[in-house]
Amino acid sequence: MIEHNVGSKVNGVSARMASRRHFWAAVEQFARYIVIGGGATLAHYVILFGLVQVGVSPWRASVAGSVIGATLNYFISRQAVFNSTRGHIGAMVRFGLVAFLALGCNATIMAIGLGLGLYYLIAQVFASASTAVFNFLVHRHWTFRDADTVGAPTEPQPDIVLERPPRKGP
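Here the working numbering is used: the first residue of the sequence shown is 1, the next is one more, and so on.
Ranges of calculated distance between the beta carbons of each label pair, as one might list FRET restraints:
no. : residue 1 : residue 2 : range
1   : F100      : A18       : 33 to 39 Å
2   : S14       : G117      : 50 to 56 Å
3   : F75       : G117      : 32 to 38 Å
4   : A111      : F49       : 17 to 23 Å
Calculated from the structure, these hints are not laboratory results. These numbers were taken from a predicted model, which means no experiment stands behind them. Note that beta-carbon positions come from the ideal geometry of N, C-alpha and C, so glycine has one too.
Can you build the whole structure from these sequences, using the hints too?
Structure below.
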């Protein structure tokens, strides 16, 4: 029988406590991702604003800003957020694929927002928030996941406990 209740122990620590620690570690990592990634997002917005001011369409300016912001975000996130030891080639290829998907997500949300008549900076806020969550989750679980941890459990595993016969007597 596999025991999944509060009393199950994983290396001397209850599964519930280990799960809470895992949750709060992920929350802290996401907070670091948002704060540190804010610099890359700021670069994106500066480029977006600057290009719009010189006559580039908001959609194209957003795409250009997104590419530059993603490049900065790779170098910031690799060490400061995910502390990855995955090789640069493998991580960059994965990051590039995720950035390409995020670029499509950003461009689509911008097009929808502009189509609805939103001011371009407001539309970009929605696009940035959506892609930030998407990027964090994919980078955490795929892009920067160290090769030696693939296949390793990410959550504490329950102990296998043999059923004991009921006790008789006091």
